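Could you put the whole structure together from the sequences, leaning on the hints where they help?
So the protein sequences, as listed, match chains A and B. Under numbering that gives the first Met the number 0, the residues of the first sequence are numbered 0 to 214, in order. Under numbering that gives the first Met the number 0, the residues of the second sequence are numbered 0 to 397, in order.
A hint or two may mislead.
As the list claims (entries may be wrong) - Going by beta-carbon spacing under 10 Å, a handful of chain A positions derived as facing chain B: (1) Ile89; (2) Arg95; (3) Leu96; (4) Asp99; (5) Leu112; (6) Ile134; (7) Ile178.
To be verified - List time: in silico DSS-like cross-link candidates among lysine-lysine, alpha-carbon distance up to 30 Å: (8) Lys17(B) with Lys138(A); (9) Lys189(A) with Lys175(A); (10) Lys73(A) with Lys1(A); (11) Lys316(B) with Lys10(B); (12) Lys6(B) with Lys138(A); (13) Lys10(B) with Lys138(A); (14) Lys17(B) with Lys55(A); (15) Lys7(B) with Lys55(A); (16) Lys73(A) with Lys302(B).
Note that these hints are calculated values from the structure, not bench results. All of these numbers come straight from a predicted model, not from anything done at the bench. The C-beta atom is built at its ideal place from N, Cα and C for all residues, glycine as well.
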Amino acid sequence: MKLHLEQLVPYSLKDKITSGNSDIWNQAITFNDSELIKIEAPSGTGKTTLTHILYKVRTDYSGSIKYDNIDLSKCDVDTLADLRQNHVSIVFQDHRLFPDLSAGENIEIKRLLTPQFSTKEIIVEMADQLGVSSILDRKVRFCSLGEQQRIAIIRALMQPFNWLILDEPFSHLDQKNIIRAVSLIGTECKKRNAGLIIMGLNKDHYFNYNRELIL
Amino acid sequence: MLNQLLKKLIKNSAGHAKFALAVIGLSVATLLILSAVQLQSNYHELLNGKKNQDSIANFLVVNKSLTDQNVGASSLSASQLNDLQKQPFTESIGTLTASRYKASIQSNSSLFPFYTDIAFESVPAEFIDVSTKDWHWDEHSSFLPIIVPNQFLDFYNFQYSFSQNLPQLTPQVVKMVSFKVTLQGSGQTFSLNGRVVGFSNRISSMLVPQNFMDWANTRFSTTNSFQQPSRVIIKTKDPGNPALTNYLKKEGLITDLDKTRFSRYRQVVDFVVNIASITGILMFTFALLIFSLFIQLTISSCKEEIELLILIGNSPKSIGRFLMNRFFPPNVFIVLMGLLVITIAQYFLADYLIEKQIILNSLVSSITILAAILLLIVLAIVNYYTIQKYLRLQQRTK
Chain A
0 MKLHLEQLVP
10 YSLKDKITSG
20 NSDIWNQAIT
30 FNDSELIKIE
40 APSGTGKTTL
50 THILYKVRTD
60 YSGSIKYDNI
70 DLSKCDVDTL
80 ADLRQNHVSI
90 VFQDHRLFPD
100 LSAGENIEIK
110 RLLTPQFSTK
120 EIIVEMADQL
130 GVSSILDRKV
140 RFCSLGEQQR
150 IAIIRALMQP
160 FNWLILDEPF
170 SHLDQKNIIR
180 AVSLIGTECK
190 KRNAGLIIMG
200 LNKDHYFNYN
210 RELIL
Chain B
0 MLNQLLKKLI
10 KNSAGHAKFA
20 LAVIGLSVAT
30 LLILSAVQLQ
40 SNYHELLNGK
50 KNQDSIANFL
60 VVNKSLTDQN
70 VGASSLSASQ
80 LNDLQKQPFT
90 ESIGTLTASR
100 YKASIQSNSS
110 LFPFYTDIAF
120 ESVPAEFIDV
130 STKDWHWDEH
140 SSFLPIIVPN
150 QFLDFYNFQY
160 SFSQNLPQLT
170 PQVVKMVSFK
180 VTLQGSGQTF
190 SLNGRVVGFS
200 NRISSMLVPQ
210 NFMDWANTRF
220 STTNSFQQPS
230 RVIIKTKDPG
240 NPALTNYLKK
250 EGLITDLDKT
260 RFSRYRQVVD
270 FVVNIASITG
280 ILMFTFALLI
290 FSLFIQLTIS
300 SCKEEIELLI
310 LIGNSPKSIG
320 RFLMNRFFPP
330 NVFIVLMGLL
340 VITIAQYFLA
350 DYLIEKQIIL
360 NSLVSSITIL
370 AAILLLIVLA
380 IVNYYTIQKY
390 LRLQQRTK
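Here you go:
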């Protein structure tokens, strides 16, 4: 599934974006299947805005985004639900978990949307790998940000996808945990032959990026 | 599984008390509306049901009320008859044909001598409340069957016989007596045997078969031209119908007042039953409003959860379905309980009324069941639209 951006300009950044100073804003750019893409974005350049636009959380922009033939701004709610269930997965910077469900339930509620894809055992396996298996029964409200971040990563891996979008996914993790998470994400993307878009403030070498772009 | 998690998320954030209030309001309204329907159907059953039907009351003999202005011109015109026929309360109409010749009856027996001049009337057989195989006449018949009003016999037995020192007669005895009927007119005299074959409560005239009347009128009538009838008999479903009373009054017609006096009470009962229905409908409308407000409240109090559910890939449709599954079953339960209560009440009502000789179906009427189904459909539609509307609103405010 190709991702094509065409002259994307969010209304909120209209004044900041002048031609040529961004690899993404106001450019025509295509991300190919299973490409690993790093988007380096200093503060205030619209990193989270881009994440939200790519996942259709926000629609206040001009230009267009296409997943293959699906024009994101024009697709209906059912197509969008299918896209989010089967083709595009995400880890938000602010995690977006249900605070009153347990960590395990938060993952489960996502898994049950595509129950044939993964099993409950996989949840435990991944939680083990990321060192959060002991907090699966704890309400998210009482989990630390680092724990929440890892739960959000596991949740994102419960579904099939062609693209995984990560918005500063390791901001609350220590080096050891980052390595574990990177390895898990890398394996899962390879399994699905999926592409990866990772947003970060600085340069990094977590993955073997095909492209490194500046926002 | 997913539903359990959803249930946990979209819990009763609107509050159990509010939910209970909405359910109580809806229950009361449902009960009221269903009982109004059942009441109406009982009322109709009492008025029109076969078991309770008073056979006399359904036939009314109608004629012009005689005033100084119309004396001698009391016949009903063809257009009047036509109009009467077209009225919704008229099921069928029959004309009473009066004899246009002189007639007398005279005893055949010296033991019990009597002689009197009389006049006959005839009506189509379907309007007669006496069924007897003797009600038949042709030119070869040995006797002429006559139906006499019950009042005549009463008048004879309880007044006339005393004053004339004559024996009282039972209906059976009267039916056995054969007498001589003499017809006179157009310069001819004709005699034949007659016999009383039955007593009528419906028409207060001496009745002979229609074909005899036609035959005799042609043969003995002094005025040969066809005459408009002065009296007609109408068959009606409901003599207490206020529309009928009003119509007769407007047209200057009268009938047996006894039979129509119920129309006044009917108007009062109609009014009361209608008030019950209107109250029920109003209550139901309010209850619907309360329930849809409750749905609205639940959805808006779970705004964030619903947003996030859609964000992680749930389709608004599936959430709508989940909400429908959550809100509609209590509605079904409420309506079924309402129906059950009405069924039990109806059973005891029928049981109670049977002691008072009022026969009512002890089962709930099919109209009430239909009304319950209709309520469910209305509830389903209101639930569905409220959910859809507020889900959509949630997404738009994003």
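Okay, the hints, checked on the actual structure:
1. Ile89: Since the shortest Cβ distance to chain B is 9 Å, the answer is holds.
2. Arg95: 6 Å, holds
3. Leu96: Holds: closest Cβ of chain B sits about 8 Å from Leu96(A), inside 10 Å.
4. Asp99: 7 Å, holds
5. Leu112: Hint holds; Leu112(A) Cβ to chain B Cβ min 5 Å, cut 10 Å.
6. Ile134: Not OK, violated: Ile134(A) not within 10 Å of chain B, min 18 Å.
7. Ile178: 27 Å, violated
8. Lys17(B) with Lys138(A): 27 Å, holds
9. Lys189(A) with Lys175(A): Holds - the C-alpha atoms of Lys175(A) and Lys189(A) are around 22 Å apart, at most 30 Å.
10. Lys73(A) with Lys1(A): 17 Å, holds
11. Lys316(B) with Lys10(B): 19 Å, holds
12. Lys6(B) with Lys138(A): Roughly 16 Å between the alpha carbons, so the hint for Lys6(B) and Lys138(A) holds.
13. Lys10(B) with Lys138(A): 16 Å, holds
14. Lys17(B) with Lys55(A): Roughly 36 Å separates the two Cα atoms, so the pair is violated.
15. Lys7(B) with Lys55(A): Cα-Cα ~27 Å, so holds.
16. Lys73(A) with Lys302(B): Within the cut-off at roughly 24 Å; holds.
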